[in-house]
Amino acid sequence: MIKTILKSVREYKKMSILTPIFITLEVILDALIPILMTKIIDDGINASNMNVIFTVGGILVLASIFSLLFGYLSSKYASIASSGFAKNLRHDMYYKIQDYSFSNIEKFSSSSLVTRLTTDVNNVQMTYQMLIRIAIRTPLMFIFSLLLVFSINTNLAIVFLIIAPILAFCLFYIANKAHPMFESVFKTYDNLNNRVQENVQGIRVVKSYVQEETEVKKFNKISNKIYETFLKAERLVCLNTPIMRLCIYSSIVIIAYLGSQYVISGTITTGQLTGVITYAAQILNSLMMLSMIYVTCIISLPSMERIVEVLNVTPNIKNPNNPLMEVNDGSIQFKDVTFCYSKDKPVLKNINLTINSGEMVGIIGGIGSSKSTLVNLIPRLYDVTTGSILVGNNNVKDYDIKTLRDSVAIVLQKNVLFSGSIADNLRWGNKNATMAELKKVCDIACCSEFLDKLPNGYDTYIDQGGTNVSGGQKQRLCIARALLKKPKIIILDDSTSAVDTKTDAYIRKSFKEYIPNVTKIIIAQRISSVEQCDRVIVLDNGEVVDFDTPQNLLKNNKIYQEVYYSQVKGSASNE
Amino acid sequence: MNKESKKSVLIRLLKYITVNFKVPLIIIVIAIVVSSICHVFGQLFIETLIDDYITPLINVENPVLIPLFKAIGFMGFVYLIGVLCTFLYSRLVVKVAQGSLKLIRNEMFEHMSTLPIKYFDDNNHGDIMSYYINDTDALRDMISQSIPNGISNGVIIIFTFISMLTLNVFLTIAIIIGVFIMLKVAKYVGSKSSKYFLLRQKSVAKVNGYIEEMITGQKVIQVFTHEEVAKKDFDKLNEELFENTKNADMFANMLMPIMANIGYLIYVLIAIFGGILALKTNTLSIGAIASFLLLTRSFTMHINQLSQQYNSIALALAGASRIFALLDEKSEENDGTIVLVNVEKDEFGNLKEVNNYTGLWAWKDPTSATLVELKGDIQFKNVDFSYIGNKKVLQDINLYAKSGQKIALVGATGAGKTTITNLINRFYDIDEGTILYDGIDIKKINKKDLRKSLGMVLQDVNLFTGTIMENLRYGRKDATDEECIKVSILANAHSFIEKLPNGYNTMITDNGENISQGQRQLLSIARCALNNPPVMILDEATSSIDTRTEKEIQDGMDKLMEGRTVFVIAHRLSTVRNSKAIIVLENGKIIERGDHETLLAEKGKYYQLYTGAFELE
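Top line first, the protein sequences correspond to chains A and D.
Quick note: the first sequence uses the numbering used here, first residue 1, plus one each step.
Quick note: the second sequence uses the numbering used here, first residue 1, plus one each step.
Honestly, the hints are just simulated from the structure, not real lab data.
Hints should not be assumed to be uniformly reliable.
Stated by the list, open to error - Covered stretches of chain A, as calculated for chain D (at least 3 residues, CB under 8 Å):
{"no.": "1", "stretch": "144-150"}
{"no.": "2", "stretch": "195-209"}
What the hints assert, rightly or not - In the EDC-like style, the derived pairs of lysine to aspartate or glutamate whose C-alpha atoms are separated by at most 16 Å in a straight line are:
{"no.": "3", "chain 1": "A", "residue 1": "Lys218", "chain 2": "D", "residue 2": "Glu470"}
{"no.": "4", "chain 1": "A", "residue 1": "Lys431", "chain 2": "D", "residue 2": "Asp431"}
{"no.": "5", "chain 1": "D", "residue 1": "Lys477", "chain 2": "A", "residue 2": "Asp406"}
{"no.": "6", "chain 1": "D", "residue 1": "Lys605", "chain 2": "A", "residue 2": "Asp500"}
{"no.": "7", "chain 1": "D", "residue 1": "Lys231", "chain 2": "A", "residue 2": "Glu213"}
{"no.": "8", "chain 1": "A", "residue 1": "Lys218", "chain 2": "D", "residue 2": "Glu110"}
{"no.": "9", "chain 1": "A", "residue 1": "Lys349", "chain 2": "A", "residue 2": "Asp540"}
{"no.": "10", "chain 1": "D", "residue 1": "Lys391", "chain 2": "D", "residue 2": "Asp328"}
{"no.": "11", "chain 1": "A", "residue 1": "Lys217", "chain 2": "D", "residue 2": "Glu227"}
{"no.": "12", "chain 1": "D", "residue 1": "Lys448", "chain 2": "A", "residue 2": "Glu213"}
{"no.": "13", "chain 1": "D", "residue 1": "Lys219", "chain 2": "A", "residue 2": "Asp406"}
{"no.": "14", "chain 1": "A", "residue 1": "Lys318", "chain 2": "A", "residue 2": "Asp398"}
{"no.": "15", "chain 1": "A", "residue 1": "Lys431", "chain 2": "D", "residue 2": "Asp233"}
{"no.": "16", "chain 1": "D", "residue 1": "Lys452", "chain 2": "A", "residue 2": "Asp398"}
{"no.": "17", "chain 1": "A", "residue 1": "Lys217", "chain 2": "D", "residue 2": "Glu110"}
{"no.": "18", "chain 1": "D", "residue 1": "Lys231", "chain 2": "A", "residue 2": "Asp92"}
Every residue, glycine too, gets a C-beta built ideally from N, C-alpha and C.
Work out the full structure: start from the sequences and follow the hints.
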């Protein structure tokens, strides 16, 4: 797992290695400086030697200038390395996702993909920076300081050898105990988040049912739970500081006790004694740092796992070798097609269809009859489980994917406009389209009538998610966008549901008029939307029940009749 | 945030905490002060120990060690007090921090639920959510870490400073100059770092927004083979984020070594000055200069630590100011006095107020104690309305719905249909005219009671985390299981609920992602029916239900609407055909009204809309 993630370090490898090197140099100086500081007192001031003060002071100044230099370099390189690593991680994940097939995308929910690309990468970035900066520095500091103490007096060093493991045990014990508690706090946080979201989104429901008080009560309950779990976890963690102090203080007292006797007996100097006491804090503090690193690593492990999950997916729809680069015509053929989303549960069974180039074909069927699935197979958004699909007399699997999808324009049921001007959005279909071409497709899709009324026309800015245009307008823009591709086949998957019947009819009429040679496939709930089609496919439970002209279906097909009469009967009796 | 508002936010925040946690706070401050004093004392005492107890004994034959051990014992005792105080305040700080957060969270939510619908329509939902998580988190860091750290460092700095002053005034002044430079540098680096930090936040928001938009639209990207463009755009934003993160981190990381090394330089300078003073002028003892140097180290170190809190406090204050802005939002006004009460009728048809549920309701004016039976008559008189400024969304609307009538609102998107329903329940208040409910101006009715008497079923269904049964019971907690099942059968939801793995106990999560939009709408209808409101508003309530199912639930719907005043907004005209009156809206004005037949006969807009599909033949 860690290997996969580290692949994204790439050009920042040099920085990642230089950082700990500079840090090591900085640490060496940082450890030297206190020695020099004590030396000034011992040999300079206490010995009344001005020369020593100047020379040692000079060395000290030099040391601190270098320490500053290394500190600067290590900060710089650590920041570049970690944020560069994060950049590469995001890049790699994002590019990978672009190669995902529909079924790959569906494995993750989009919100989880977003979290993986943002929060999770952020966690890993922080851990990475911490690791290259502190994970080397701290053990070095620990060893270095300990060695210095040893060089002064072995017996005093043993004090640390006893206290340090005790402290380490306490710190890691607390970290291990507290970690699951924090996990549960974060889970409760999710609940709280969820509560707030439900209330913000459903505020109209809350207010119209006058449930404000119950919602407040529900919220307070969760809020209290967070309070309690958090309190429990933090009470444990807050033991760190007093324990830390207890250990530092006791080592100081013990060292003072032992050390003073050594001083008196002349084994060490007073300066050495203060030196050892200074190291006490350094040695024990570095243990504290280690336990922090440990906790950060535990926290970011799940993030790493989630990132690797994204990176390790192998896209299951790939371009063939020697792909066909042109689609001949808009004919479509389904040959014994079966399709399952999950194993052994076919949602399409034994589909055999032949659609001629330029034909207008309607598809009707109830919820769950797999209408969308059927058309999604044509531009190879999914691959068939068994059987084959031919477009322009060639298997869809033999085409270059881009060529195929540019020739088969599908307007999805759950469609999306992107933030940007209307013209920008339309040009997704063809980025070099001229204004005249835009106008033409907007005429066909009946967008012109409302576009002309907008003060900024084609330059009107669409907000994220397209919230500032109505549902019907959005659908028409999506149709126009698809038309701009100049496809050989256009598929509307319930794409006019929010468009009024009159406009809906106009769109179909102009389809016949302007793009007679394009194969048109229309999925609709409304019978009026399929009534003028050349032929209509009736789907039920993943099987083609009938494929005939609307006139014949009205005579012979029960499902078609049922839908027809439920929608048309009323007006028929009026006229 | 400018300096002034920063200050006022800080003061307000501190006030908020002090008011609620006076006693623990006092104890905390005392404990921090004591523990800091113990800490400083311990450090200083080592010098005393060396000078007064150890040095005199060096090279002495058979030294008497008892006073030395006593002194060390005393030091141990002081340290022990320090540890105990540290323990005490650490624990209390946790309580105060978590307690304050809880109070703030609860107060925010409670206040939020009193805000008018406008607030939720105008503000980004993601922003509102982040108050509860990110901003309170920033506060937690500040209360539990920055404040105690600040106090403890402050105490140590003050004590060290005083000790330095008593040792030597001249050197202290030199240190002050040094520290002044240190702070200047810290401020410069800090402001650089916060500048990039802000830029980074902006980049993060941009990248997150882009990722969210693109991932949500990933399928469209693939359909349009737009991958390459999406990659290029992403790389541009990603590069920008990298630059800003790098710089923000760099300056933040640099602060520590810069400050520490300036501290070392000050130390050297003091050593040289002190050395000169001690050796050349004899105005300073050698012991004093040694202690002074130790104090210098501690002084600069703590100044350094104090300056590290800068970023976290700035973050917390920004968060606090957003939280306070939410708390300062004006609540929805509710000055209506007329309330809804249960009544019963005696044999003469006179109303009498009772305390138990009777199924009969009346409006009660508490001043005159008059009772008006709740029937569900709604009347709009010359109503004008605008969301912002004087851009009229509705103009001169007059309409009348008698008790038990079904009224349909028809028209293009943006014609003002939904706006009308938002006015009846006072989600928004009208500019001109009056709306009467059973002859009473709705402005005089208590909002809660008004809303209780109105049932709403909206196109976008919002369900709440909990079982299906709990969701059905949303408006009436005391409804029995039988009642819930009865309305589910009526709304045709029963059959699909039964098929779910846990039936009525199936958990709804994420606003019901596990059931289809059409099924959600059926649940929403059942939920409303259980409340048995005299007036119902159905705003595209069956839009996601396919026509075959809609036909199946038609009987149930008819039964549901029986005896109620119903406002129906529907795209599908087959849904509104049997209304008592159909009102056709265009650009906020009523342009046609009448029943289905009359409107068809008029051959106006309704005729066009209705027959659109057939007209082209």
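Checked hints:
1. 144-150: Our answer is that it is violated, as 0 residues pass the Cβ test (under 8 Å) against chain D, missing three.
2. 195-209: holds (count 15)
3. A:Lys218 x D:Glu470: 13 Å, holds
4. A:Lys431 x D:Asp431: 47 Å, violated
5. D:Lys477 x A:Asp406: 55 Å, violated
6. D:Lys605 x A:Asp500: 13 Å, holds
7. D:Lys231 x A:Glu213: With a Cα-Cα distance of about 48 Å, the restraint between lysine 231 (chain D) and glutamate 213 (chain A) is violated, given a limit of 16 Å.
8. A:Lys218 x D:Glu110: 11 Å, holds
9. A:Lys349 x A:Asp540: Measuring from Cα to Cα gives roughly 10 Å; hence the hint holds.
10. D:Lys391 x D:Asp328: 27 Å, violated
11. A:Lys217 x D:Glu227: Roughly 47 Å between the alpha carbons, so the hint for lysine 217 (chain A) and glutamate 227 (chain D) is violated.
12. D:Lys448 x A:Glu213: 11 Å, holds
13. D:Lys219 x A:Asp406: 14 Å, holds
14. A:Lys318 x A:Asp398: Holds. Lysine 318 (chain A) to aspartate 398 (chain A) sits at ~10 Å (cutoff 16 Å).
15. A:Lys431 x D:Asp233: 14 Å, holds
16. D:Lys452 x A:Asp398: Between lysine 452 (chain D) and aspartate 398 (chain A) the Cα gap is close to 62 Å, so the pair fails against 16 Å, i.e. violated.
17. A:Lys217 x D:Glu110: 9 Å, holds
18. D:Lys231 x A:Asp92: Within the cut-off at roughly 10 Å; holds.
In the structure shown, a violation is registered for the earlier hints numbered 1, 4, 5, 7, 10, 11, 16, in ascending order.
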